[in-house]
Amino acid sequence: MGAIEVRGLVREFKKGPRAVDGIDITVAEGEIYGFLGPNGAGKSTTVLMLTTLLPPTAGTATVAGFDIVKQGAEVRGAIGAALQEAALDKFLTGREHIKLQGSLHGMKGAELKRRGDDLLERVGLTDAADRKVGGYSGGMKRRLDLALALLHNPRVLFLDEPTTGLDPQSRTALWDEVARLAREDGVTVFLTTQYLEEADALANRVGIIDHGHIVIEGTPAELKASVGRSSVEIEPHDAARLGDLERTLAAFGTPLTMRGTSASIRLNEGVSDVAAIVRALDAEGIGIHQLRLREPTLDDVFLEQTGRSLEGSGDDEDAAE
Amino acid sequence: MTGFPTWWSGVSGIAARQTRAFFTNPALIIPGLLFPMLFFAAFAGGLSDLTRVPGFDYAPGYTSFQYVFVLFQSSMFGGIFIGFAVARDFENGFARRLMLATPHRSAILFGYAAAAMIRAAFTIVFVTVIALIAGLDILGSPGQIALLYVLALASNILGSLWALGIAFRFQSLSVTPFMQIPLFILLFLAPVYVPLQLLSGWIRHVADVNPATFLLEGGRALLAGSAGPVLAAWLVVIIGGIVLGIWSLTGLRAAETR
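Residue numbers (my numbering), protein chains in the order written: chain U, 53 to 373; chain L, 19 to 276.
Extracted from the complex, chain U is given alone in its bound form:
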């Protein structure tokens, strides 16, 4: 049995859409599962159900072997979660949060102190531990939230858009910690994100959700391979030769969308075509101002599956999330 097993899970809001519409997911022990989709796709609603904060309308799910509806207390004892907005009390210090979180999980005394100190050090908050959280930066709050989620050694960790609003340095530090948790501690991580690079860098497998449905699932490499070959985009020295450029390139692949001063194609053979393209353009006397070779990305996968781009999409979608 996987660490997370979801079958036909549905959540319907009153007078609203089906935010989650019959999804199936299996996440293995120790796996990092990236759950990708635009705002309003159903990511957070799924997490709320799997963490027992929201009951499903239909379907079943087990987390760490426990049914999310019938065994809520056991699920909560086995999971940690850092949700979109860190739920912290600005009047408590970091250490007081640790103490409260520990008491909620039945931890106390030396065990709690040792574990709390370890985690505060691991997330780089030892020096700030006795300061009130009201004075923490966004990154510090996220890191404290992560420490709190890990306090009771959860078997499954839910991270809902954990790096939204973080600076690049904090984001990288958090990625490193999440990767280490899965690798060294065997923690199963369910990571929702709208950042493609985050899913690409961290996840063993990725599921893409759109309008409450999972549209595709697999390893990042599999998903990108499913889109096909690399593409190349070339900008000529002389903008007047753009038409000639397009005609020359057409022999090497399928034309893609044009961006005014450049032309791009999906390569027939892949990277090995590039040398031949350069030679052909040289023979035609078309100077190259810029040449960009692009590997397929998860955004290409999303585009292929939904006809829309994931990056920057969905900002106006439903408020269920």
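No lab work stands behind these hints, which were simulated from the structure alone. If you're wondering where the values come from, they're calculated on a predicted model, not measured in any experiment. Just so you know, even glycine gets a beta-carbon here, dropped at the ideal spot from N, CA and C. Wrong hints could be hidden among the right ones.
To be verified - To give an idea of the interface, some chain L residues facing chain U are shown, with a C-beta separation under 8 Å as derived from the structure:
1. P23
2. G111
3. L118
4. A119
5. T120
6. H122
7. F128
To be verified - Which chain L residues stay away from chain U? Per the calculated CB distances, all over 10 Å, these:
8. A39
9. P49
10. G50
11. V71
12. L154
13. I156
14. Q162
15. L165
16. Q189
17. V224
18. P229
Since the structure of chain U is provided, determine the placement of chain L on it from the hints.
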């Protein structure tokens, strides 16, 4: 750790947080003390000549008569104020942490209620000290006085359960008037200024069946060491506890399914 130890640990953790917030935040502690003192000063000080009204036969005097009202009023409102704290925690998202991290969620309800009781106990001590300075006369036996304070703390639990039921259901500070106003109405339709037998007309009819009347008259009888509706006061606490317990627990269930 599982089962009762985890549950109890959750209750004490939540109660400790709320208690710390109360004792370290002047904005919480000062109104909680000023409110009952204002009532006490206004009623016991300004209306003491009421004891000359024929039929006003409360032996310990008017200060003691009003002390019982202030005791119950401050206890019950101590419970109401915990509803404010819960609503605030839902509004700022902190309640989500509690819902997520507490395996047995009834610990949330009991934790907040325990914090309200600690707060009420502090207010009761404060009010009693002030009342003793102002001339509180105690004629009841130590056992009766102990029962009076248990009754006051039980009324705090009733106030907490009422307010928690609302806070869990609506999860917003905008509904706090619904926590307070019914209690104000209940208290002020009871014999606040004069004994029940001196009330007449519609207010007498209302006071005769008002549960707060039994609490006040029972409490006053315990303080005076005299006969009174003490048993009825306990019935109010027991029946009220059952009804409001169901109200708050179903509120918690509603919060879980929102």
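Verification of the hints:
{"no.": "1", "hint": "P23", "verdict": "holds, 6 Å"}
{"no.": "2", "hint": "G111", "verdict": "holds, 5 Å"}
{"no.": "3", "hint": "L118", "verdict": "holds, 6 Å"}
{"no.": "4", "hint": "A119", "verdict": "holds, 4 Å"}
{"no.": "5", "hint": "T120", "verdict": "holds, 5 Å"}
{"no.": "6", "hint": "H122", "verdict": "holds, 5 Å"}
{"no.": "7", "hint": "F128", "verdict": "violated, 13 Å"}
{"no.": "8", "hint": "A39", "verdict": "violated, 6 Å"}
{"no.": "9", "hint": "P49", "verdict": "holds, 17 Å"}
{"no.": "10", "hint": "G50", "verdict": "holds, 17 Å"}
{"no.": "11", "hint": "V71", "verdict": "holds, 49 Å"}
{"no.": "12", "hint": "L154", "verdict": "holds, 36 Å"}
{"no.": "13", "hint": "I156", "verdict": "holds, 39 Å"}
{"no.": "14", "hint": "Q162", "verdict": "holds, 38 Å"}
{"no.": "15", "hint": "L165", "verdict": "holds, 33 Å"}
{"no.": "16", "hint": "Q189", "verdict": "holds, 13 Å"}
{"no.": "17", "hint": "V224", "verdict": "holds, 39 Å"}
{"no.": "18", "hint": "P229", "verdict": "holds, 35 Å"}
The earlier numbered hints that this structure contradicts are 7, 8.
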